[in-house]
Every structure is written in structure tokens, then in C-alpha cells.
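Chain residues, written in single-letter form:
Protein chains: 2
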Amino acid sequence: MSLSYSALKGATSETVRQAIRTGQYRGHTAGLCPGLLQANLVILPEDYALDFMRFCQRNPRACPLVGVSDTGVPSIEMLGHFDLRSDLPAYNAYRSGVLADSPSDISTLWRDDLVAFALGCSFTFEAALQAAGIALWHIENDTTVPMFRSAIRAKSAGPFEGPVVVSMRAVPQERLTEVQAISARFPHAHGAPVHTGDPAKIGIADLNRPDWGDPAPVPPDHVPVFWACGVTPQAAIAAARPSFCITHKPGHMLIADIPDQAEALDILDLP
Amino acid sequence: MSLSYSALKGATSETVRQAIRTGQYRGHTAGLCPGLLQANLVILPEDYALDFMRFCQRNPRACPLVGVSDTGVPSIEMLGHFDLRSDLPAYNAYRSGVLADSPSDISTLWRDDLVAFALGCSFTFEAALQAAGIALWHIENDTTVPMFRSAIRAKSAGPFEGPVVVSMRAVPQERLTEVQAISARFPHAHGAPVHTGDPAKIGIADLNRPDWGDPAPVPPDHVPVFWACGVTPQAAIAAARPSFCITHKPGHMLIADIPDQAEALDILDLP
Numbered sequence: 001m002s003l004s005y006s007a008l009k010g011a012t013s014e015t016v017r018q019a020i021r022t023g024q025y026r027g028h029t030a031g032l033c034p035g036l037l038q039a040n041l042v043i044l045p046e047d048y049a050l051d052f053m054r055f056c057q058r059n060p061r062a063c064p065l066v067g068v069s070d071t072g073v074p075s076i077e078m079l080g081h082f083d084l085r086s087d088l089p090a091y092n093a094y095r096s097g098v099l100a101d102s103p104s105d106i107s108t109l110w111r112d113d114l115v116a117f118a119l120g121c122s123f124t125f126e127a128a129l130q131a132a133g134i135a136l137w138h139i140e141n142d143t144t145v146p147m148f149r150s151a152i153r154a155k156s157a158g159p160f161e162g163p164v165v166v167s168m169r170a171v172p173q174e175r176l177t178e179v180q181a182i183s184a185r186f187p188h189a190h191g192a193p194v195h196t197g198d199p200a201k202i203g204i205a206d207l208n209r210p211d212w213g214d215p216a217p218v219p220p221d222h223v224p225v226f227w228a229c230g231v232t233p234q235a236a237i238a239a240a241r242p243s244f245c246i247t248h249k250p251g252h253m254l255i256a257d258i259p260d261q262a263e264a265l266d267i268l269d270l271p
Numbered sequence: 272m273s274l275s276y277s278a279l280k281g282a283t284s285e286t287v288r289q290a291i292r293t294g295q296y297r298g299h300t301a302g303l304c305p306g307l308l309q310a311n312l313v314i315l316p317e318d319y320a321l322d323f324m325r326f327c328q329r330n331p332r333a334c335p336l337v338g339v340s341d342t343g344v345p346s347i348e349m350l351g352h353f354d355l356r357s358d359l360p361a362y363n364a365y366r367s368g369v370l371a372d373s374p375s376d377i378s379t380l381w382r383d384d385l386v387a388f389a390l391g392c393s394f395t396f397e398a399a400l401q402a403a404g405i406a407l408w409h410i411e412n413d414t415t416v417p418m419f420r421s422a423i424r425a426k427s428a429g430p431f432e433g434p435v436v437v438s439m440r441a442v443p444q445e446r447l448t449e450v451q452a453i454s455a456r457f458p459h460a461h462g463a464p465v466h467t468g469d470p471a472k473i474g475i476a477d478l479n480r481p482d483w484g485d486p487a488p489v490p491p492d493h494v495p496v497f498w499a500c501g502v503t504p505q506a507a508i509a510a511a512r513p514s515f516c517i518t519h520k521p522g523h524m525l526i527a528d529i530p531d532q533a534e535a536l537d538i539l540d541l542p
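Taken in order, these protein sequences are the chains called A and B.
The numbering of the first sequence is our numbering, which starts it at 1 and goes up by one.
The numbering of the second sequence is our numbering, which starts it at 272 and goes up by one.
Okay, chain A solo, but in the shape it has when bound (with noise of 0.2 Å):
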């Protein structure tokens, strides 16, 4: 049997998760586990890992770096307990930059030399602004947000290399403020919008067709605000065309055992 978004709205994490490692949900996780860290996967061959590395040290606001594994281990102490081979409700595999799968378990394609790195997500600061009554649409509409390559240049690494991806979410005028301070508190969550207002300025010529996700509306009185986003990398993998590489599939993300609106050091503080 499969289960509806609805009917894990409001779950444990414990039941989402078994949910998602039996195969009974495979969609996307917005809003699922409130109070829990989500974040963005990436699982390339050892001999990528430096370099990407290095690509989300010089771009930390598309990238944060919320935690690595051990090579060859599928799973990432610092977050929680979880097997990053199963319990993400849908990834995408890459062989050479180009998309291969999107299987809902990776158990068949784990090899010994694959490292593992979660990035921070949006939906943390979703979750702060929610609790400051700001209403997100896409949330609020069951769709997943949207995002677009922007003309905005991620610094290389290697062969990462590609545009910063973006996310967008209309904010009514007058909350704009707040709504930049909030998200701010999350630089391991992508921190402080990278662009507000006319979507042309960072290269997007039609916000009706984002590249990814679906189309939200922008009414009247609102602003279209963007943040860098964590399919950032995705979009560098296709350029570094890498032999292998394993993601999550956007918006389905893998939801980890630590508070979600810790601020930076505190979700990776000493023992």
C-alpha cells in the first residue's frame, strides 16, 4: 500500500521515515517533520569528493555544508541515525552528468568508494517563517517550490562549475523585511535571500516556467524573493559530468534527527 502527503502530515519522524524506507511514500517531504533539519544529498566516487568539497566551501550560500561521511559509509554520524541507501523518499542517479534513475532506494547501487554530503535546506527558514505567520504557497498548495538557473555564477571547483541556482517565494511587501532577517539566522540553511524583486536582474525570463518544481503565483502586493538553492550542485554535476553520482530528487529530501531551527554552530557543536 502507499500513503498520501496528507496522511504524514503531522507524523512522527519515526513513522515517515518507515514509511519512506518500505516504500509507501515516495514524495516530497515539505512541511513533513516540522522541527526536524532537512536537507539536500549528494553521493559522488571518492575521486570527486575534494573537489566538491571544495565547490560548497566557495559557495555557501547554495551549498551549505550541514555534514560528510565516511567514504564508503552510508550514513552521517553528526545528523542522525538513518541509511542514507533507503530512507530519502526518491533519488536521482547520474552516469556521466546525465540522469540515469530515479529509483526510491539505492541499496543496489551503494559502492564502497561513494562519499555522502548533506547540504542545508530551505526548508528550515520555511519553518521560521511559517512560525511568523508569513503563508508559503507552494507549501500551502502541495506543490513543490520553485526554482531556476540563474544568471548568477557559482565559483568553480575542479570541474564544478555552473549557474546558482535559485528558489523563489512571493513575500507580501510590507513583511519583507522580516522575512530577510528570519532567514538570515540560517546561514547553514542557505542564510539571507541572494536576490528581491524583477526576476530578469539575475537572468529569469519567465517565473510562470521555473526549471525545476512547480509554478507559483506571485498576487498583487507581494514580491518575488530569491535563495540560493540546493540544487545548485546538481546543476554543477552536470557540468563536472562526473563517472557516477547519486541525489536526492528535488524536494525530496533527507530529513536528519537534529532541530531544525538550530543556528549555525549549534548543529554542529563539540560533543
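Just so you know, these hints were derived from the structure itself, not from any lab.
As the structure is a computational prediction, the values presented were derived from the model and not from experiment.
Heads up, some of the hints might be wrong.
[What the hints assert, rightly or not] When the alpha-carbon atoms are kept at most 25 Å apart in a straight line, the in silico SDA-like pairs for lysine to any residue are as follows:
{"id": "1", "chain 1": "B", "residue 1": "Lys472", "chain 2": "B", "residue 2": "Ala510"}
{"id": "2", "chain 1": "B", "residue 1": "Lys426", "chain 2": "A", "residue 2": "Ile258"}
{"id": "3", "chain 1": "B", "residue 1": "Lys426", "chain 2": "A", "residue 2": "Gly72"}
{"id": "4", "chain 1": "A", "residue 1": "Lys155", "chain 2": "B", "residue 2": "Pro316"}
{"id": "5", "chain 1": "A", "residue 1": "Lys155", "chain 2": "B", "residue 2": "Asp492"}
{"id": "6", "chain 1": "A", "residue 1": "Lys9", "chain 2": "A", "residue 2": "Ser104"}
{"id": "7", "chain 1": "B", "residue 1": "Lys426", "chain 2": "B", "residue 2": "Ala403"}
{"id": "8", "chain 1": "A", "residue 1": "Lys155", "chain 2": "B", "residue 2": "Gly351"}
{"id": "9", "chain 1": "A", "residue 1": "Lys201", "chain 2": "A", "residue 2": "Arg58"}
[Claimed, not checked] Among chain B residues calculated to face chain A with C-beta under 7 Å, some are:
{"id": "10", "residue": "Ala320"}
{"id": "11", "residue": "Leu321"}
{"id": "12", "residue": "Arg325"}
{"id": "13", "residue": "Gln328"}
{"id": "14", "residue": "Leu336"}
{"id": "15", "residue": "Leu478"}
{"id": "16", "residue": "Val494"}
All C-beta atoms in this analysis are idealised placements derived from N, C-alpha and C, irrespective of residue type, glycine included.
Given chain A, put chain B in place with the hints provided.
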């Protein structure tokens, strides 16, 4: 000829860097070039670079990465225009984890397989503390801050493991809260203290016998405050015994071209 610390205090970064590059100044850099970021330096063969970068990611208070070079390139573009082989006043070179030499120039030691890591440094928050009117004994007395191996264990990564090394500054009791808040603003420069008060609680037997640097007094009505310190990786390197390694000599830092007081994402921002 050689130049004294007091001759360079207040000098421009061009003057200071020129004095260092030409071997006229080989002293510590605390308090020099106010307004510019200073950083700890670790240089390792590429074979060790991924594990070392994981060590930094897992111990962000002790090892806040602010820049990583490309392999074989003795500069870090994001941090400014300097030559890592000549622009620090003193280095420590290790072979198999054992200190082999403390040269003032490493041009003849540089190799095509080396990777350089710059780690944020306490000088950043020290400048902010001084700006708030909090006196720092070691700067006023032209000594190196006292540093200790603590009983707190760093999170390991591959062969890199060991104690969290801490630096100590005595703070007036009534300004303690303020000092904690100021340093917390700089997560890329060790952030908030890891311990305040009784040194024995983190395994320090005698404040007058630091493992690195010079002793500093704790006057009446002052509290010893301990921050995670960029010498932590040097202790981890002693444990890992890499075939080859170069670090800055403690207190003798890399002076970058970017503002000291920039906060986390600002110093590593989008173009």
C-alpha cells in the same frame, strides 16, 4: 635589517606584507593590520586533503574553514592576493607528524600535490572585543595568547583526531555576557566560547603552563574564558602523522585582504 613589532603596529597591509615577504619581520601578527581577516594555515598533500576537510567540517568551532586552495596552487583567490609560500612571518614544517623546521619562507618546500587550508582565527573576535573596550592582556603586553590541550575530544575524520585546543583570555566578570555575545557573531572565527570558568573542568591543570603561547594572568574579578583554537588541527596532524605538512607557526598568521569583521556568509559571498 629587521623590523620590530612596534614599528609595524599601525602600518598598512602593504608595508606589513612587504616586511614579511622580504624577511624583515618574522614575529607574531596579533594586532597587526587591524580591519583585515587573519587566518590559520594548514598545507597538506592532496592524499590527506579530503580527510582533513572532513575534520574541519566536523569541528567547525575549532576549525572554521574560510578558504581552500586548488591543488598545487599557493594562493586562495577568495581571500585575497597573497603568496602562501612567502607571506606569513613563520611556518612549521612537519615530516611524519614531527616538527622538522620552522622556516620563514616555504618556496623551496612547495610541491604540486599540496592543498592549502585557511581557518578563521581568534584575532577576528579579539578586534571586536577591543572595539567594545575590553582589554586583552596578551596584546597589550606583546605576547602570544596562552593555548592549552583540553580534555574535549575533536570529532575524528580518517587519521585526524585529538583534543580540542583552546585559547584563554581573562574577562572582567561583569562583561562576560557581552564577550560571549560578541564572539558568537563570528562563527567563521571560532564563535562563542566553549567553556567559561574553572579550567579543571576541561582538563587544564595549570593556567600558568600553556602548551603553546605565553602565560597570561587572571586578575581579581576576572574569569578565564576558553575558545576553540586553530591550533587544534596541529594536534590532529601530530596524531595523523602525514608524510608532509606545513602550518603557520602559532600566532604568526596569514593576513588576508578581506574585512576582519565580516560575518559568516558575507566573507564567502556570491560574486
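| request: Using Cβ atoms only, decide whether Val494/B comes closer than 7 Å to chain A, and label the hint accordingly. | output: 19 Å, violated
| said: What's the verdict on Lys155/A and Gly351/B, does the C-alpha distance respect the 25 Å limit or exceed it? | reply: 15 Å, holds
| field | Hint consistency between Lys9/A and Ser104/A [alpha-carbon to alpha-carbon, up to 25 Å] | value | 20 Å, holds
| task | Compare the distance between the alpha carbons of Lys426/B and Ile258/A with 25 Å, and conclude whether the hinted pair is satisfied. | result | Holds. Lys426/B to Ile258/A sits at ~17 Å (cutoff 25 Å).
| said: Take the shortest C-beta to C-beta distance between Leu321/B and chain A; is it under 7 Å? | reply: Constraint on Leu321/B satisfied, holds at 5 Å.
| Regarding the hint that Gln328/B lies at the interface with chain A, is the smallest CB-CB distance below 7 Å? | With Cβ-Cβ at 5 Å, under 7 Å, it holds.
| query | Given the hint that Lys426/B pairs with Ala403/B, does the C-alpha gap stay at or below 25 Å? | reply | Measuring from Cα to Cα gives roughly 33 Å; hence the hint is violated.
| Minimum beta-carbon distance criterion (7 Å), Ala320/B to chain A | 5 Å, holds
| query | Keeping to a limit of 25 Å between CA atoms, is the pair of Lys201/A and Arg58/A held or broken? | reply | Between Lys201/A and Arg58/A the Cα gap is close to 23 Å, so the pair holds against 25 Å.
| Holds or violated: are the alpha carbons of Lys426/B and Gly72/A at most 25 Å from each other? | 18 Å, holds
| query | Taking the closest Cβ pair, is Arg325/B under 7 Å from chain A? | reply | Hint on Arg325/B: holds, closest Cβ of chain A at ~5 Å, below 7 Å.
| Agreement of Lys155/A and Pro316/B with the hint, judged by alpha carbon distance not exceeding 25 Å | With Cα atoms ~23 Å apart, Lys155/A and Pro316/B stay inside 25 Å; holds.
The structure shown violates the earlier hints numbered 5, 7, 15 and 16.
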